[in-house]
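**Student:** If you read the sequences in order, they're chains L and C. What the first sequence shows, in this note's numbering, is residues 16 to 283, in sequence order. What the second sequence shows, in this note's numbering, is residues 337 to 676, in sequence order.
Treat the hints with care, as some may be off.
As the list claims (entries may be wrong) - Some chain C residues judged to face chain L by a derived CB distance under 10 Å, without partners named:
(1) E354
(2) M358
(3) H413
(4) A555
(5) L586
(6) T607
Everything labelled a hint here was simulated from the structure, so no lab data went into it. The beta carbon of each residue, even a glycine, is placed where N, CA and C say it ideally should be.
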Amino acid sequence: MTRCQNRLELTTGEGITFSYRLASPVTRALAAIIDFLVVAAGVSLLSALVIPFLALAPGVGTALYMLAAFFLSVTYPMVFEYTWRGQTIGKRLLRLRVIDQRGFRLLPSQVVIRNLLRPVDQLPVFYVTGGLCCLFSRYAQRLGDIAGATVVIIENPVKRPTMENILAGKFNSLRQDPLTMAKIRQTITMTEADLGLQALLRRDDVEPDARARLFAELASHFRERLNIPENPLEPVPDEQFIRNVLDVLFNVNDTIRQNLSGGGRKRS
Amino acid sequence: MIVDFKHFIDSEQVYWTELEDMLDALTADKFAVPNLAQARRLHYLYERAGADLARLAGFSSELDLRVYLESLVARAHSEIHETRRQRVPFHPLNWFFGAFPRTFRKHLRAFFLCLAICLAGGVFGGVAVMADPEAKAAMIPFSHLAQSPNERVAREEEEGAASRLAGRKSVFSAQLIQNNTRVSFLTLALGMTYGIGTCIVIFYNGVILGAVAFDYILAGQTTFLAGWLLPHGSIEIPAILLAGQASFVLARALIGWGQPVSVADRLRAVTPDLATLVGGVCVMLIWAGLVEAFFSQYHEPVLPYAVKILFGMGQLTALIAFLVYSGRRVTSPDSSLETV
């Protein structure tokens with residue numbers, strides 16, 4: 016379990032690594048404001064419901080209203096976070112989710128504790144303690160999150176993969192010209208192809224600046240070897256250019272591609 | 337590296353869909369328990385999706401596919417590796433009469449620490465009032481307690497049934513329940529100050545109690561004090577002490593003396609106990625609020641002090657018996673808050 020650039024990376028026992036994007040205090044504050052408004056609306060609705068009771072039995076009506084409003088404000092985040100798997104209305108609107116710090120399922124006790132500890136996070140006013148704690152803690156946790164062993168993440172929208180999704184926006188200009196494709200396959204040596212391949216395989220392991228420099232050098236080398244000048248009207252990022260070259264070299268299943276793209280533009 | 341995505345997706349998607357369907361079914365029914373064959377299949381599909389994710393690692397430009405697989409693997413991981421939960425529906429009665437007193441007994445030392453701090457505060461408050469009666473105004477924040485005990489007793493006994501709370505006992509009860517529950521939540525939350533805040537709150541409550549008790553005893557109003565405090569105090573004060581107990585359990589997990597595991601693991605271990613203790617405290621405070629509003633505020637001649645004292649003593653005895661003996665025989669799986 017590590018934190019890297021506001022991400023929580025989890026490695027399973029099987030050695031599989033996956034990551035979550037941690038929510039910033041500002042996004043969380045916005046979600047909290049929405050939730051506050053929801054609770055306020057709920058309390059107003061309650062007061063409207065209690066009015067008939069007030070005429071019949073003023074004392075009992077007021078007491079019921081007070082207890083119901085208190086119960087609503089305390090249990091609203093707990094009930095929603097448990098039934099909606101870590102989301103309240105505010106969190107759902109902002110695509111936030113509370114999860115267990117280790118990626119396990121959120122337990123009811125965790126939901127209860129993270130919400131009961133709000134009083135200390137709210138000290139002295141407006142969640143100042145919780146916000147500061149979020150800023151300085153390793154996994155952007157407020158005190159309630161630390162006690163409940165939870166984190167708040169930003170959810171990416173998940174789409175089922177289809178070929179259309181995968182190929183969308185991956186137009187390979189090099190495939191438009193059969194001569195260029197032939198030239199690539201004739202000119203680029205196995206060593207050069209392997210160099211490009213290794214760079215792509217390991218690109219997540221290097222710092223962003225170094226990665227940009229590496230692919231700039233490789234792209235410059237390949238363009239020189241293939242005599243393909245950079246088109247200033249349709250610039251292709253260096254990394255994408257290397258991918259396109261390797262796609263031409265390694266991906267021989269062109270017929271399927273052509274069929275999928277309706278025989279028009281070929282995509283990689 | 338995956339070169340042919342068409343082939344990759346065509347061959348693997350059927351497994352991903354199957355895994356997604358299994359996970360959806362498990363999510364829909366929280367208490368569903370897969371049989372052995374289903375569990376094996378789930379594990380196989382999880383490992384297969386994990387392997388696909390690993391194959392995709394060198395091809396991070398396929399962000400959508402990667403996000404999809406990460407989400408799938410993360411969901412499966414949470415289902416397969418979650419061992420803390422027992423898939424048993426939550427039974428409020430089993431929880432209250434079983435899990436709650438068992439949890440109290442499990443952390444008895446924290447309770448006694450809390451009790452000792454409260455008693456120390458009580459002695460301090462009492463001694464302070466005896467040594468310097470002027471200190472009473474500074475120590476007791478409630479105006480109706482700041483006046484002379486004799487004056488208050490005379491006034492309230494004279495008022496009889498037509499007391500100042502006539503017609504608004506329900507509201508008073510709701511206020512008490514709200515206020516006491518807030519105090520107990522704050523007491524629990526102060527465990528995050530490594531128990532320092534808890535010590536201060538419990539000690540301060542002890543000081544107020546001690547000051548009031550000694551003030552009434554010195555004024556010769558011991559019977560009134562017992563008749564007034566015992567009916568609701570016999571539940572309310574232990575409830576606040578139990579909140580302090582939960583707070584100390586939290587503080588101990590944070591400090592971690594003699595526990596060679598990480599803070600996160602220690603907190604994870606005590607979280608169900610904290611939720612159970614606080615849940616029990618809430619039930620106790622609701623009862624105490626009702627008793628204080630509808631019973632404690634009636635004094636002689638409306639309600640004899642002997643009846644009130646007997647009621648309070650009986651209630652305290654029942655509470656002690658409940659916390660000490662209830663839930664000793666476990667006849668069903670533990671119904672703690674973990675099993676909701």
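**Student:** So, for every hint listed, does it hold in this structure?
**Tutor:** Each hint tested on the structure:
no.	hint	verdict
1	E354	violated, 13 Å
2	M358	violated, 15 Å
3	H413	holds, 5 Å
4	A555	violated, 32 Å
5	L586	holds, 6 Å
6	T607	holds, 5 Å
Of the numbered hints listed earlier, those contradicted by the structure are 1, 2 and 4.
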